[in-house]
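Listed below are the residues making up each chain.
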Amino acid sequence: MVMSKRGFIPMFISGIGYVIGETFKGLYRNRWMCITSTGVVVVTLLMLGLFMMFTLNVGHITDTVREQVEIVVFIDEFATSEQQTELGRKIGAHQGVAEVHYVSSEEHMSRLRPQLGGMLEGYDSELDNPLLASYEVKTVVPETVAELAAEFGTYPGVSNVFYGKGYVENLFSVTRVIQLVVLALMAGLAITAVFLISHTIKLTVMMRKKEIAIMKYVGATNWFIRWPFVLEGLFMGFLGAVLPMLALYYIYIHSVEWVTVNNLLFLSLLPVEQVMIELAKYLVPLGTILGILGSAFSMGRFLRV
Amino acid sequence: MVEAKDLSMRYTKNGDNALEDVSFFIDRGEFVFFVGSSGAGKSTLLKLIIRELIPSEGTLKIFGRDVGKLPRHRLPYLRRNIGMVFQDFRLIEDRTAYDNVAFAMMVTGATRREIRKRVPHVLGLVGLQGKGDARICDLSGGEQQRVGLARAIANRPAMIIADEPTGNLDPGTTLDIMNLLRSINLRGTTVLVATHNRDIVDKFKKRVLYLDGGRLVGDEQKGFYSHVH
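Taken in sequence, the protein lines are chains A and B. Read in order, the letters of the first sequence are residues 1 to 305 in our numbering. Read in order, the letters of the second sequence are residues 306 to 534 in our numbering.
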């Protein structure tokens, strides 16, 4: 039998050098096409990264606001101290409650003083204080405030209950809509990225179809042909993810600076490191996998020679 | 070495036969011309031999193995024993002559040392001493075909298949290339050449297989192109 086959190990070892050499030669020879492909990955992942940054921060701001949502249960001015204690115990024992904090009428007054200043003159003595003592309640699930507020309103010794009715419901529904819209946009963008990248890599492979056909004629195995392309795809995908990460880093640093300079502290943005780690977790593997799959699948048709 | 038995090939299910009931046997070390007009089936036959196509009917044995039943993953190992020479050379144009030949050895897993030793040797055999560093696009047609020949013999194949190897060359260069093929054959390599070149077939007086409309219409030792035409 003339059809000889060299040992796998020596071929594998001599093949590694070949594959790595061919990868970099291929990148250099087809540099313009590679720059185009990488550019497509950079632009799509940059867009995706911007959306991710936005979603992460919308989520963070929502969480911050959610944490601040609380129920204020005002205690009836005629409630006895036993009734007050019993009310505090009952609220605290409720399974939907995370934290209960008693605020005396004096504390309410001292909180108001810096805001209202001179308007509170004449209310200095304890007997003149018109404010009611209250329990400030944080719930386990912020979305349950309305339900719990209604329940606490029925407890004995309660004057009234406040939880920012209307505002809280709106906040939850608006942030939910924003998150859904951004998620849909991100999914759309990711799908577009897959098409764009695989199409661009297909063009790169098509330009080299003659080379691939020659490889087949001289007896190259499919994987021998495929590896340099796959590594090129990996390299382009990785670079296509790292470059937008650098751009996103500068965009984010400037956004945080802008928020600080303009004193928009209610927009509590996530720290730079945390955002970059989150982005790297998704963008780098996504870019690399897109590059590899784009190359590997684009070749199929040209390998059938 | 090459044994065809009732070989037929159709490109489409209900189309005409590109080859019909072709049977022949080619022994090791032979030099054979396939002649016939365009569409006679010469290129189809060569494509079947390198398993670029799979026969519709009949069997084709290469090195004793039925190529129609050869699993796809074994195909590269068949092709490493067949050197291919094409009318349009099919070289990688932005690389050097050396790279094109080295590349064919690289895919078989040859070591760098083997390649460094063998490539200048085969370039010398085809008359391209000192031209290893020349880029393909800077070489003449004849020189490019010599690189094609060097690439075909680099892995010491048992058989060379040349499809119109001189179709794009002037008469002087044509003769040089055919003489090279003859010298390769004299070293024991089987050589199959599909050609339209009447002068060459008549001059070489080798075995000729005549194809017409997909049928084998003649098989002559020391034949002439004009014999049946």
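For the record, the hints were derived by calculation from the structure and aren't laboratory data. A few of these clues could be false.
Quick list of simulated restraints, FRET-style, between CB atoms [said to hold, decoys possible]:
1) K210(A) to S343(B): 17 to 27 Å
2) D438(B) to W223(A): 22 to 32 Å
3) I251(A) to G435(B): 51 to 61 Å
The calculated DMTMM-like cross-link candidates involving lysine to aspartate or glutamate, where the alpha carbons are at most 20 Å apart (straight line), are [claimed, not checked]:
4) K210(A) to D393(B)
5) K210(A) to E357(B)
6) K25(A) to E357(B)
7) K209(A) to D399(B)
8) K25(A) to D438(B)
9) K25(A) to E398(B)
10) K209(A) to D438(B)
Remember, predicted model here, so these are calculated numbers, not experimental data. The beta carbon of each residue, even a glycine, is placed where N, CA and C say it ideally should be.
So, going through the hints one by one against the coordinates:
| no. | hint | in the structure |
| --- | --- | --- |
| 1 | K210(A) to S343(B): 17 to 27 Å | holds (23 Å) |
| 2 | D438(B) to W223(A): 22 to 32 Å | holds (30 Å) |
| 3 | I251(A) to G435(B): 51 to 61 Å | holds (57 Å) |
| 4 | K210(A) to D393(B) | holds (12 Å) |
| 5 | K210(A) to E357(B) | holds (15 Å) |
| 6 | K25(A) to E357(B) | violated (29 Å) |
| 7 | K209(A) to D399(B) | holds (14 Å) |
| 8 | K25(A) to D438(B) | holds (17 Å) |
| 9 | K25(A) to E398(B) | holds (14 Å) |
| 10 | K209(A) to D438(B) | violated (24 Å) |
The earlier numbered hints that this structure contradicts are 6 and 10.
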